[in-house]
Amino acid sequence: MPGSIKDRVAIVGMGCTRFGERWDVSAADMIVEAVYQAYEDAGIETKDIQAAWLGTATGMTGMVLSEPLRLQYIPVTRVENACATASDAFRNACYAVAAGIYDMVLAVGVDKFKDSGISGLGDGGAPGPSHAMEAESTPPRQFAMLATTYFSKYGLSFEEGKHMIGRVSWKSHQNGMRNKNAHFQKDVSMDTILNAPMVAWPLGLFDCCGVSDGAAAAIITTPEIAQSMRKDPVYVKALQISMAPRDGNFNTNYDFLHVEATVRAAEAAYKEAGIKNPREEISMAEVHDCFSITEAVTMEDLRFSPRGKVRDDIENGFFDLDGGLPVQLDGGLKCFGHPIGASGLRMLYEMYLQLQGRADELLNPGFPSRQLANPKLGLTHNLGGSPDGCAIFVGIVGLPGV
Amino acid sequence: MTLPEKPLPGINADTKFFWEGCKSQTLTFQKCEQCGYVRWPPSFICPECHSKRTELIKSSGKGKVYSFIVYHRAFHPAFERELPYVVAIVELAEGPHLLTNIIECRPSDIKCDMPVEVVFEKRSEEVNLPLFRPSFPK
Ligand SMILES: [Zn+2]
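As you go down the protein sequences, you meet chains A and B in turn. Going by the numbering used here, the first residue of the first sequence is number 4, and it counts up by one from there. Going by the numbering used here, the first residue of the second sequence is number 11, and it counts up by one from there.
Since the hints were made in silico from the structure, they are not lab data. Predicted model only: the values in this text are computed from it and were never measured. Errors might be hidden in some of the hints.
Okay, derived cross-link-like pairs now, DSBU-like style, lysine-lysine, Cα gap no bigger than 35 Å in a straight line [said to hold, decoys possible]: (1) 74/B / 312/A; (2) 312/A / 121/B; (3) 74/B / 156/A; (4) 379/A / 50/A; (5) 274/A / 117/A; (6) 72/B / 156/A; (7) 117/A / 183/A; (8) 156/A / 312/A; (9) 72/B / 41/B; (10) 68/B / 33/B; (11) 156/A / 183/A; (12) 189/A / 312/A; (13) 312/A / 9/A; (14) 68/B / 26/B; (15) 68/B / 156/A; (16) 156/A / 41/B; (17) 156/A / 16/B; (18) 117/A / 16/B; (19) 41/B / 312/A; (20) 121/B / 156/A.
Chain A regions said to be covered by chain B (calculated; three or more residues, Cβ under 8 Å) [claimed, not checked]: (21) 229 to 237; (22) 275 to 282.
Note that CB positions come from ideal geometry on N, CA and C, so glycine has one too.
Starting from the given sequences, assemble the full structure and let the hints guide the process.
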């Protein structure tokens with residue numbers, strides 16, 4: 004069908020490094036690590052790649068990729084779209100194959116933050132000339148306001164709201180501790196989460212993800228070639244981007260209770276994939292949990308939970324690994340980590356492994372299985388920016404015929 | 011050890027009227043002469059109807075807390091001595107949403123929708139910064 008990516012391209016190989024504090028390696032080393040995993044997984048070599056897309060928030064030009072991989076003069080496009088960077092690199096690579104220009108391409112995401120000297124993502128910049136009141140704007144502030152407004156408008160006491168968002172992070176730690184490639188692998192109790200130092204009230208330390216070093220890669224081809232290469236390729240069902248115009252600054256009706264761009268991208272993705280009831284039809288998801296409240300609100304924006312009702316689903320374990328719709332199966336940004344330019348492909352990697360029944364390749368020894376029983380469709384979501392001004396990606400991948 | 015200075019807003023041709031108003035203890039906003047929309051931050055054309063016809067109105071300085079958070083980690087070293095401090099979006103009676111601080115109030119006493127009023131803090135010869143404090147019906 005023109006205008007839809009559904010089943011027009013397939014993933015035949017993926018790789019992902021361990022995320023974390025990778026003092027001993029460079030960004031180039033991590034690119035080589037992730038890409039050669041993907042080559043091995045797909046059974047191909049560098050010479051088979053016809054074009055590549057590189058997502059990175061920090062590196063400049065496609066040479067960040069061509070140099071370490073010794074790519075021999077093939078096209079490489081560097082993509083930057085904040086936290087949606089890797090997903091957008093993947094999206095463009097898929098489109099090139101769907102357009103019939105290439106039939107074997109590479110999408111890579113990489114970033115290395117831990118030795119850059121900052122512990123977060125900066126402070127929102129110095130006071131600017133036209134936005135004179137933006138000086139005290141940090142990411143924790145921007146997302147904490149979602150929480151304050153959400154608690155107030157839906158009548159949650161501080162204790163109820165704080166427990167709800169704490170439960171989001173607790174669940175991610177339960178998943179992340181099983182994952183040998185996750186940045187943070189500790190079993191963290193609800194008590195520890197609820198009593199952690201405040202960063203931007205009501206968000207405490209465990210309501211905030213960190214930043215990490217890491218890289219991830221995917222090899223994309225046509226469905227026909229994919230079927231000749233392996234028995235279990237993963238098919239792309241939807242790829243959508245929505246860009247917000249920073250309405251919160253200009254539109255006094257902007258409610259800070261939801262992220263409009265997520266709603267728009269999700270509805271477009273559901274239409275593209277032919278999904279009517281995402282709560283029932285989506286098997287699993289990796290979403291952008293830069294802060295715990297972001298994940299909570301995203302569950303409503305994706306129509307996984309009814310508007311204003313996500314607390315019931317969170318507290319009842321609906322999004323736990325053994326729940327009705329598991330979310331952050333690999334630990335999410337909170338535990339697997341967040342090297343901005345690699346995160347979208349890291350999410351996709353988990354969906355890919357789960358759909359192939361290979362999730363326990365990343366299992367920490369001695370822990371219960373991470374593998375879901377018979378997942379069919381997986382959704383990934385990135386939010387780059389702040390709730391009212393952001394780049395949103397929503398993608399869906401799955402088995403054939405779904 | 012000398013503490014760093016708090017950063018000051020940059021003033022340009024678009025925002026000059028606002029900071030001039032603050033110097034005389036008044037919040038001033040642009041109002042579209044075509045559709046009546048009162049806007050913030052300042053802009054050359056109306057974000058609602060794109061008209062360039064604009065008048066300046068004086069705000070009552072009254073509003074309510076739309077949303078807020080409490081900083082426990084300072085944005086800038088100069089603010090460290092004030093931790094914990096409140097950063098809020100205040101919805102003015104005239105419509106605009108201002109990002110500002112709530113002062114003269116314990117952070118634990120602040121609630122969404124509570125009434126507040128503007129109070130100006132002199133930061134330099136050029137900048138009277140509009141902050142807000144709880145207002146109680148007289
Ligand atoms: Zn107008």
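Which of the listed hints are not met by the structure? 5, 11, 19, 21 and 22
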